Amino acid sequence: MIEGILIGLETAFSIKNLMMVMIGCFAGTIIGMLPGLGPMTAIALMIPITYGFEPSTGLILMAGVYYGAVFGGSTSSILINAPGIPGTVATSFDGYPMAQQGKAGKALAIAAYSSFAGGTIAAIFLLIAAPSLSKVSLAFRSPDYFGLMILGLTAVSAFSAKGHFLKAMMMVVLGLMLASVGQDTLSDIPRFTFQNMNLSDGISFVLVVMATFAMSEALTIIFKANDPTRVAKQISLSQLGSIKLDKEETKKMITTIPRSSVLGFIIGVLPGAGSTIASFLAYGMERNFVKDEEKQKFGKGSVNGLAAPETANNAACSGSFVPLLTLGIPGSGTTAVMLGALLGFGIQPGPRLYQTNPEIFWSVIMSMYIGMVILLILNLPLIPYIARVLATPRTFLIPLILFFSVTGIYLMSFNNFDIYMMIGIAVVATVLRLYDFPMPPLILAFVLGGLMEENLRRSLLISDGSWSFLWERPLTLIIMLIIIFIVGWQIFRSFKSKFTSSV
Amino acid sequence: MKISPSKIISLLFFIFSGFYLYTAHQIQVFAFDENAAFNAKTFPIYLGYAGLIFSALYVLLPETRPSNVDLTVLDYKKTITLVILMILYGLTILRVGYFLSTSIFLVLSYIVLGERKWLWIFLLSFPFVAIFMYLLHGLLNIYLRDPFLQYIGIMG
Chain A
1 MIEGILIGLE TAFSIKNLMM VMIGCFAGTI IGMLPGLGPM TAIALMIPIT
51 YGFEPSTGLI LMAGVYYGAV FGGSTSSILI NAPGIPGTVA TSFDGYPMAQ
101 QGKAGKALAI AAYSSFAGGT IAAIFLLIAA PSLSKVSLAF RSPDYFGLMI
151 LGLTAVSAFS AKGHFLKAMM MVVLGLMLAS VGQDTLSDIP RFTFQNMNLS
201 DGISFVLVVM ATFAMSEALT IIFKANDPTR VAKQISLSQL GSIKLDKEET
251 KKMITTIPRS SVLGFIIGVL PGAGSTIASF LAYGMERNFV KDEEKQKFGK
301 GSVNGLAAPE TANNAACSGS FVPLLTLGIP GSGTTAVMLG ALLGFGIQPG
351 PRLYQTNPEI FWSVIMSMYI GMVILLILNL PLIPYIARVL ATPRTFLIPL
401 ILFFSVTGIY LMSFNNFDIY MMIGIAVVAT VLRLYDFPMP PLILAFVLGG
451 LMEENLRRSL LISDGSWSFL WERPLTLIIM LIIIFIVGWQ IFRSFKSKFT
501 SSV
Chain B
1 MKISPSKIIS LLFFIFSGFY LYTAHQIQVF AFDENAAFNA KTFPIYLGYA
51 GLIFSALYVL LPETRPSNVD LTVLDYKKTI TLVILMILYG LTILRVGYFL
101 STSIFLVLSY IVLGERKWLW IFLLSFPFVA IFMYLLHGLL NIYLRDPFLQ
151 YIGIMG
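In order, the protein sequences belong to chains A and B. If you're matching positions, the first sequence starts at 1 in this note's numbering and goes up one per residue. If you're matching positions, the second sequence starts at 1 in this note's numbering and goes up one per residue.
Note that these hints are calculated values from the structure, not bench results. Certain hints may be false.
Here are a few chain A residues that sit away from chain B, every Cβ distance over 10 Å (derived from the structure) [to be verified]:
#1 Gly-4
#2 Lys-224
#3 Asp-246
#4 Lys-247
#5 Phe-280
#6 Phe-289
#7 Asp-292
#8 Glu-294
#9 Lys-297
#10 Leu-343
#11 Leu-378
#12 Ile-425
#13 Leu-432
#14 Ser-463
#15 Gly-465
Once the Cα atoms are required to be at most 27 Å apart in a straight line, the calculated DSS-like pairs of lysine-lysine come out as [what the hints assert, rightly or not]:
#16 A/Lys-224 to A/Lys-291
#17 A/Lys-291 to A/Lys-247
#18 B/Lys-2 to A/Lys-224
#19 A/Lys-251 to A/Lys-300
#20 A/Lys-295 to A/Lys-251
#21 A/Lys-224 to B/Lys-78
#22 A/Lys-224 to B/Lys-7
#23 A/Lys-496 to B/Lys-2
#24 A/Lys-291 to A/Lys-244
#25 A/Lys-224 to B/Lys-77
#26 A/Lys-297 to A/Lys-244
#27 A/Lys-291 to A/Lys-251
#28 A/Lys-295 to A/Lys-244
#29 A/Lys-297 to A/Lys-251
#30 A/Lys-300 to A/Lys-247
#31 B/Lys-77 to B/Lys-7
#32 B/Lys-78 to B/Lys-117
#33 B/Lys-77 to B/Lys-117
#34 A/Lys-300 to A/Lys-244
#35 A/Lys-224 to B/Lys-117
#36 B/Lys-7 to A/Lys-496
These numbers come from a predicted model, not from an experiment. Where is the CB? At the ideal position from N, CA and C, for every residue including glycine.
Whole structure, please, built from the sequences with the hints as guidance.
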């Protein structure tokens, strides 16, 4: 393990990779700050660039972008009450009131320190948990993997869709259907290609991500531009105030950060939960922990109320790397995008990654920590300048996002069939988003489609076509029971809410 | 009886799943694979059924959280124009070349979205694309076919 850490440190501390972390954090912060654009869009925009690099460098850049985007989301939450990503919604509960009281600088500093502390503690947990988890995961067989993938898809659908479970499940099926286009991996038999040569290699992962996130998000912003519920507010830079914290504020943060970090990390490890749930849970937990006097301040600019979700969402980001790196199964939409990028590099994440590519495994973990430090150094002094990005007119921003999306695909294939397909998928995704059909389950399913089919193939061949493999091994049975519980819980919740509303 | 748009989308997905299932059954597998426990069409067939089940459930069950969208406030004109511009961009990118088609796409998109700062429109189109192309072509060695630049003699 020590040897691996040293290899990781050597790779992460190379000049090129340090530069990548810096660029990633900076670009991520700026993209994440723009309302509507989250880490998935930021990473998606980076994928075509990373294919020119070594896998470890590409991953380091993406990890930097991820953290930067999460921090950037907090900035827009605090300054204009427009969370860039769902994970920073809870940040706005107390961050925005603080900014309105003329303490925007202080709120941003609390967010930066909390993110740093949460990320650091979680990176240490990751360092300890990942190798032991990868040893445990060697015991997993094809039926367990198949079960885990269904669990991941069900959990993401249950948690990301906010009461739209069936819609999310339809998106899962659509993602798997898109993944099935192209030649069958084992027999090379063409499927759903309709004799079109452009489809024989399947649909590119980058194309689907760019279409469903970057492009469709840009189109949605324009589509809903006149929506009166979307309040466009411009930041007044003269009201940022000081970024220095006093003793009492520091003391409050010291008590909040450790418990929120632990909670955030654990939630992040669970498939499907991610930073959004982590931040809300941390906010709720903190409210229960503080004294009554402080409890009254929640929602009105409480330091604890701001530090808790900020710590938890960054800790959850680190936690979500555990299932990705050790099991090869992404726990969130963002890590699904990263899994797709890894597969693009020809790397199969999973228990063996730790042994076969230690430089990638450890350098990603190390670069996460470096990313935290850089985010802190970069963002604190640059807060007033970075905030100016929020003033970028939409009239320039949207065409540039569309341009980067089209260019990203064009550079990969140099044919216009892919561009048309991307536009088509983006238009469909825009309509689906309008009616709350969530996109993260689609992406997760698209990425997992090939692996899922492969594991189902092996399982069915081993059990001679019988589905008994789903309950024969205790591990598979436990996974299946968890899936049944999640589905049952979703059905119960929806019927309960229907019953309550009718009463 | 009024059907919600989400149910209409689910109904369309039901039809799509039916078509997908039909196409999955048409996949030609090798003769020796026909009766195997798993072949190239097994997984797609399951997917087709899954699509039919989930969409049918959504159509048949009452909606617990209907999505309310005010269609009157949506900006159809700008969105459709942008989509048309993207299609035209895709159409011209190979024939005219990357530089001219991208620059024109950007200029027209800025204008469509209501931007009228002409200096910024110019700076963020032709010079911006030229710098971007230089980064790709000159520094990263990514070849970009450009008949227009070849015609005027800038590119070899």
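Index of numbered hints that the structure contradicts, given in increasing order: 2, 13, 14, 15 and 16
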